[in-house]
Amino acid sequence: METKDNQGQLWEVFIQTKAGQPFKHAGSVHAYDKEMAIENARDVYTRRGEGTGLWVVPSSEIVAITINEAEYFFESADVKIYRHPTFYNVPEGVTNM
Amino acid sequence: MIHAETKISEEKLLEHFEAKIEAEEKIEPRDWMPDAYRQHLIRQISQHAHSEVIGMQPEGNWITRSPSLRSKKILLAKIQDEGGHGLYLYSAAETLGVSRDQYIQWLHEGKAKYSSVFNYPTLNWADIGAIGWLVDGAAITNQVSLQRTSYGPYSRAMVRICKEESFHQRQGYEIMWRMMEGTKEQRQMAQDAINRWWWPALMMFGPHDTDSPRTSLAMKWKIKRESNDNLREKFINKTIPQAEHIGLVVPDNKLVRNEDGTFKHGDINWDEFWAVVNGNGPCNQQRLEHHIRAHEEGAWVRETALVANLKHKK
Numbered sequence: 001m002e003t004k005d006n007q008g009q010l011w012e013v014f015i016q017t018k019a020g021q022p023f024k025h026a027g028s029v030h031a032y033d034k035e036m037a038i039e040n041a042r043d044v045y046t047r048r049g050e051g052t053g054l055w056v057v058p059s060s061e062i063v064a065i066t067i068n069e070a071e072y073f074f075e076s077a078d079v080k081i082y083r084h085p086t087f088y089n090v091p092e093g094v095t096n097m
Numbered sequence: 098m099i100h101a102e103t104k105i106s107e108e109k110l111l112e113h114f115e116a117k118i119e120a121e122e123k124i125e126p127r128d129w130m131p132d133a134y135r136q137h138l139i140r141q142i143s144q145h146a147h148s149e150v151i152g153m154q155p156e157g158n159w160i161t162r163s164p165s166l167r168s169k170k171i172l173l174a175k176i177q178d179e180g181g182h183g184l185y186l187y188s189a190a191e192t193l194g195v196s197r198d199q200y201i202q203w204l205h206e207g208k209a210k211y212s213s214v215f216n217y218p219t220l221n222w223a224d225i226g227a228i229g230w231l232v233d234g235a236a237i238t239n240q241v242s243l244q245r246t247s248y249g250p251y252s253r254a255m256v257r258i259c260k261e262e263s264f265h266q267r268q269g270y271e272i273m274w275r276m277m278e279g280t281k282e283q284r285q286m287a288q289d290a291i292n293r294w295w296w297p298a299l300m301m302f303g304p305h306d307t308d309s310p311r312t313s314l315a316m317k318w319k320i321k322r323e324s325n326d327n328l329r330e331k332f333i334n335k336t337i338p339q340a341e342h343i344g345l346v347v348p349d350n351k352l353v354r355n356e357d358g359t360f361k362h363g364d365i366n367w368d369e370f371w372a373v374v375n376g377n378g379p380c381n382q383q384r385l386e387h388h389i390r391a392h393e394e395g396a397w398v399r400e401t402a403l404v405a406n407l408k409h410k411k
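Sequence lines, in order, name chains A and B. Just so you know, we're using our numbering here: the first sequence kicks off at 1 and counts up by one. Just so you know, we're using our numbering here: the second sequence kicks off at 98 and counts up by one.
The set of hints was computed from the structure by calculation and includes no laboratory data.
Distance windows between CB atoms, simulated:
#: 1; chain 1: A; residue 1: Y72; chain 2: B; residue 2: A174; range: 43 to 53 Å
#: 2; chain 1: B; residue 1: D364; chain 2: A; residue 2: G20; range: 56 to 66 Å
#: 3; chain 1: B; residue 1: K170; chain 2: A; residue 2: G53; range: 24 to 34 Å
#: 4; chain 1: A; residue 1: G49; chain 2: B; residue 2: K169; range: 15 to 25 Å
In silico DSSO-like pairs for lysine-lysine, Cα to Cα no more than 30 Å straight-line:
#: 5; chain 1: B; residue 1: K123; chain 2: A; residue 2: K18
#: 6; chain 1: A; residue 1: K80; chain 2: B; residue 2: K117
#: 7; chain 1: A; residue 1: K24; chain 2: B; residue 2: K123
#: 8; chain 1: B; residue 1: K123; chain 2: A; residue 2: K80
#: 9; chain 1: A; residue 1: K24; chain 2: B; residue 2: K260
To give an idea of the chain B side of the interface with chain A (calculated C-beta under 8 Å), a few residues:
#: 10; residue: R197
#: 11; residue: R399
#: 12; residue: L403
Please read these numbers as outputs of a predicted model, since none were measured by experiment. Note that beta-carbon positions come from the ideal geometry of N, C-alpha and C, so glycine has one too.
Construct the entire structure; sequences and hints are all you get.
Right under this line is the structure:
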């Protein structure tokens, strides 16, 4: 019987460690559907109460940029240094700012 | 999506890659990497993943014979962790562009290896203690170092695994300790277990640095952060006092106790090491056959799930 490439789809797992915290990428799991994906993610990544929230997303649905694009892609932010507070001078003696 | 127009030369890419390594920045799956780096990782991470999964077998041997409900629950949790660790590592290995099916096929064909230590049998209950304490202890020493490996997904898997493994070592040591506090027979069983597991645990760190052909490139690209001998030394310096504390004798009559409290171990039997690596250990055939059988017997589950999912999508 053919057993090749039948281990299901790849899903990326994101865990929220505490209420109010952002979700963080933890790793990935294989599963055939949403329900199996979230249950596998629980069993693989939260065996010690690491999570208060859990997301699974099909890996194929993630949109990302490649390293070759990265420099170019983020370039426009580099020249806008006036977006940082340290760009500005404040007169001597001014505090709480 | 933006497509970079400029084509970057291989030389430039290598320069950029090595600069990142030098700066202790992690290499991520989509980053350019030299083929030799990718191949080394494919071999090392898959071997690591297979070791976690094959390692479930010698311990699984004792689930039904655990001496108490407490120890059975602990052993089940530990073995479940090992399966989980295998999954973290397969996930990391898959980011290198090789499918999980392919990795498993290479294991079944004997093209991929797993840690030779799992080719030894678990003959008495104290072996479960010795595995947790010595085998997991050696693995932790290696894995703590690998938390700083240069490949991001591997490093993150190591951080997660190290957090979970310290329970493994402590539960193993507790078994040994309790047996050493028990009857004469129990003490003999514990000593018998360390006698059989000590040297295989030392061999887990691999050949001496002078005989380890792949080490230099792996160190240069920071896949490995410490040499085999260095890690082995760290392990014995931590472990020998733990053995002595509960009255176990380390089976090494050439062991040297240095003035600064560190130790130098006697000669390792490398003929035995290579025999086991090359398939002639006590349980090599049994371990692999069991894995193949379990994989084949589970095929219908994967096929059914796949078909059910396809129908669901229609």
